[in-house]
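K.L.:
The hints should help you fit chain B onto chain S, whose structure is shown.
There are 2 protein chains.
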Amino acid sequence: MNDIEIFGNLDAGKNFVNSIQNKRFLFSFVISYTETCEIPGITVAGANLDFIKFTPPADAEFLHYGKCKCIDTIPMTPDGKPTPAILTKVALEAASIPHLVINAGSKIIPDLPYFETGLDYGKNIRNEPALDRYYVLRAIESGRIIGRTLGAVTDCLIIGESIPGGTTTAMAVMKGFGLNGCVSSSIPKNPLDLKNNVVNDALMRSHSKDPYDVIANMGDPMIPLVAGMISAASQSCKVLLAGGTQMAAVLALGHFTGYEKDSIAIGTTSYILNDNSANFLNTIKEIDDVPILIVNPRLEDSKIQGLRSFSEGFVKEGAGAGGTIISAILKTGIDSKKLLEKFEEEYQRVVTLQ
Amino acid sequence: MNDIEIFGNLDAGKNFVNSIQNKRFLFSFVISYTETCEIPGITVAGANLDFIKFTPPADAEFLHYGKCKCIDTIPMTPDGKPTPAILTKVALEAASIPHLVINAGSKIIPDLPYFETGLDYGKNIRNEPALDRYYVLRAIESGRIIGRTLGAVTDCLIIGESIPGGTTTAMAVMKGFGLNGCVSSSIPKNPLDLKNNVVNDALMRSHSKDPYDVIANMGDPMIPLVAGMISAASQSCKVLLAGGTQMAAVLALGHFTGYEKDSIAIGTTSYILNDNSANFLNTIKEIDDVPILIVNPRLEDSKIQGLRSFSEGFVKEGAGAGGTIISAILKTGIDSKKLLEKFEEEYQRVVTLQ
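In order, the protein sequences belong to chains S and B. Here the numbering used here = 1-based position in the first sequence + 2. Here the numbering used here = 1-based position in the second sequence + 2.
Keep in mind the hints are simulated off the structure, nothing from the lab. Hints should not be assumed to be uniformly reliable.
All copies of an identical chain are treated as equivalent in the list; a pair is satisfied when it fits inside any one copy or across any two copies.
[As the list claims (entries may be wrong)] Simulated crosslink set (SDA-like; lysine to any residue; CA at most 20 Å straight-line):
#	residue 1	residue 2
1	K177	E314
2	K263	S98
3	K25	R150
4	K69	G308
Everything numeric in this text was worked out from a predicted model, so none of it was measured.
Looking at chain S on its own, in the form it has when it is part of the complex:
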């Protein structure tokens, strides 16, 4: 397991890793949407504004079918860097990890069976509250029901997400809770000024410290749904939050909705750790002393430029890539060098599809 580094709570991290080695894993992929992503310049998750809303369902379809159905290509940045779902798909297949999709308010539904929660997408938090408070509570309750079932059928539930613009709502939620809330970005030069302006506009609308008011005012549907999931699932299995700063916001809400601390870890890529603007470790530490598992996917060693760009600060994480790579390593003992070969094969296959 030399490919996985533990940060944060080291002892809890070692226990977490030991308890799930060679065990059963299940990946749940939460797709969602916030109109906040429509603010120009805030995200590159999608080739252009018209495509952004297709990114979450297209990622979900790609994981299942190896191609997308709701769009003709696979999700790309404007200059052609592919979705991190490529990494996720390879990791899941290499370790035969089953997966399912949960729709938490995606604007477009995926063309495959998925868990429906009845949630609507989030509004643009620069202009108006994200959600009705009723929907925040409903999202948490739906998350609990799903988490209870999924937690009962696996040893480790991996939770990943796809919500364009989600780092901005995550940052807003953390600030709303009085935390520092540094966040990462899918762009090397993180548009932090823009994000701060959006967050400040949202903060000015409400001074309520009630956690559900904070989510309603400036969150998104993913955050309360996943908070509900971890609350229930962590009672019966280990939970690996596969993501970067969005999962920090989930954990921040989890402080109020509850979770079994010994059963939770965050798993992400080293690219998030290396993103100085995010100060990821400090951000998590400010919320809770949980373990943070970090994998380096070694994409800097790739002969393919599109993959190397991940290590150069583009995309960095998404679609649960880091957490599923960690899980594949823990389940099967596969090393990151072998995985890199498989990433490259998959990249070549996908490029040929286009």
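P.N.:
Showing chain B alone in chain S's frame:
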């Protein structure tokens, strides 16, 4: 395991039972709808015609919440006999068996998270084809995707269904496949003449022997979805088809869509076996030589008339009751006498709710 009797393929049945004792179980509850149920006199699944469409989602809600949300009471026959979901709920809770809901074209969606398949409800087969052929193929494919995931996370996948009017479409499908196709009923005096008339009207519309044409003409969305599920799930876990004659129709389609025979059994109540009009054992034998596990829920010993009526030919089976009772016994070793006490407690709780 004296409470479970094996019929059909005895050796395979013993192997099946031995392989899942004390193992992990997962109950998937498929809710669906066919307008065929609107033919007067064909079903009593619901207090009256306006309520029938609420029965599947209400059963699903009852299993999760212990009460229904889409209606004020729990599903009842017109004279107040309660849904067999009472038995299912008790069995699942007694053995801590996790469960989830799959929507295969229910007319009303349940107020809880569920697997969505994008299928529409089935049309009245007396008047018109049930489904577009495209939707039959889509249902099978959706079933395969769901079955692959669920089969990977459990040792035994229990599949139950709730589709009012479903015995009539099941009968039609079996006749369409050239089988004898005797079916059971939720009423002691099975309205077989009426069912036969409906089936004959449907048969006259098409003479195609293509299995997907048969389902399209006179099936319902549940049958192809569950056939897809067993096709994929039986590759990786045991599958217990929890139901009566509807599951016979699934198995008949499964002849064409494929399944791992050694991994399949049918599990139902002795009330189905005792229903002479159905000739259940012969019906299954005509399709495939699979094991049939039968449990007697001993409701005839109950001090409560509403429960005794199940043993007197009313309701008989539904919402996966028989299969979940069998699973509870196999998972935990609980006996049917102890379960009967729990059924009575639950019945009293529910009656107090009304």
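K.L.:
It remains to establish, for every hint, whether it holds in the given structure.
P.N.:
Verification of the supplied hints:
In this assembly of identical chains, K177 and E314 lie within 20 Å of each other by CA distance neither inside one copy nor across copies; the values are 28 Å within and 64 Å between. In this assembly of identical chains, the alpha carbons of K263 and S98 never lie at most 20 Å apart, being 27 Å within a copy and 23 Å across copies at closest. Proximity of K25 and R150 under a CA criterion of 20 Å is satisfied in both settings, with 19 Å inside one chain copy and 18 Å between copies. For the homomeric pair K69 and G308, the shortest alpha-carbon distance inside one copy (18 Å) is at most 20 Å, but the shortest distance between copies (53 Å) is not.
Hint compliance for this structure: hints 1 and 2 are not met, and every other hint is.
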